[in-house]
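Whole structure, please, built from the sequences with the hints as guidance.
Just so we're aligned, residue 1 is where the sequence shown starts under full-length UniProt numbering, counting upward by one.
Treat the hints as calculated values from the structure; they're not laboratory data. Some hints here could point you the wrong way.
To be verified - Straight line, CA to CA, 25 Å or less: simulated DMTMM-like cross-link-like pairs of lysine to aspartate or glutamate:
| id | residue 1 | residue 2 |
| --- | --- | --- |
| 1 | Lys56 | Asp37 |
| 2 | Lys34 | Glu115 |
| 3 | Lys56 | Asp79 |
| 4 | Lys44 | Asp27 |
| 5 | Lys75 | Asp37 |
To be verified - Across the chosen pairs, the derived CB separations fall in these ranges:
| id | residue 1 | residue 2 | range |
| --- | --- | --- | --- |
| 6 | Asn55 | Ser88 | 17 to 25 Å |
| 7 | Tyr35 | Asn91 | 16 to 24 Å |
| 8 | Asn77 | Lys56 | 16 to 24 Å |
Ideal placement from N, C-alpha and C gives every residue a C-beta, glycine not left out.
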Amino acid sequence: PDTITRELDYIWELQNRFTLFLILDNDGDRLYAKYYDDTYPTVKEQKAFEKNIFNKTHRTDSEIALLEGLTVVYKSNIDLFFYVIGSSHENELMLMAVLNCLFDSLSQMLRKNVERRALLENMEGLFLAVDEIVDGGVILESDPQQVVHRVALRGDDVPLTEQTVTQVLQSAKEQIKWSLLR
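Here it is as structure tokens:
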């Protein structure tokens with residue numbers, strides 16, 4: 001049993017895993033953060049780390065940085081900075097694939113309007129997209145088309161009591177349209 005446990009632990013370590021999804025605004029303030037380990041256990045430590053990342057990356061054109069022993073891949077768009085952070089041993093190309101998947105998924109969901117206000121209005125879509133891409137730091141999906149499709153399916157299953165007025169009206173409009181086309 002000990003050997004099996006060690007082998008399973010080793011396989012777990014070999015999986016594509018990372019530490020953090022992070023989205024900051026153009027002032028370096030957190031809009032979204034999902035930590036997958038306890039490297040920075042307190043909010044104070046997390047905020048300090050996030051400020052450090054922002055200060056090191058917001059004026060550069062590169063897409064990869066090494067910071068505090070971590071690999072940071074990032075991209076900016078209008079007034080947002082997107083980060084995917086993994087250990088220094090993690091494959092930068094895999095981290096970049098995850099970053100691009102998240103960004104491209106959001107771009108499709110927000111109709112190419114990836115900016116602060118639109119993102120804040122669609123945080124549920126962001127949460128669902130992240131859940132489709134990663135589970136516990138393990139990469140599940142890197143195809144934005146699949147992510148958008150799954151997010152749309154999950155959004156359709158929302159009970160009527162949890163839908164916004166706009167969603168209810170859109171759903172009613174779709175049902176009327178299909179009943180008229182029959």
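Here is what the structure says about each hint:
{"no.": "1", "hint": "Lys56 x Asp37", "verdict": "holds, 22 Å"}
{"no.": "2", "hint": "Lys34 x Glu115", "verdict": "holds, 19 Å"}
{"no.": "3", "hint": "Lys56 x Asp79", "verdict": "holds, 17 Å"}
{"no.": "4", "hint": "Lys44 x Asp27", "verdict": "holds, 17 Å"}
{"no.": "5", "hint": "Lys75 x Asp37", "verdict": "holds, 22 Å"}
{"no.": "6", "hint": "Asn55 x Ser88: 17 to 25 Å", "verdict": "holds, 20 Å"}
{"no.": "7", "hint": "Tyr35 x Asn91: 16 to 24 Å", "verdict": "holds, 20 Å"}
{"no.": "8", "hint": "Asn77 x Lys56: 16 to 24 Å", "verdict": "holds, 18 Å"}
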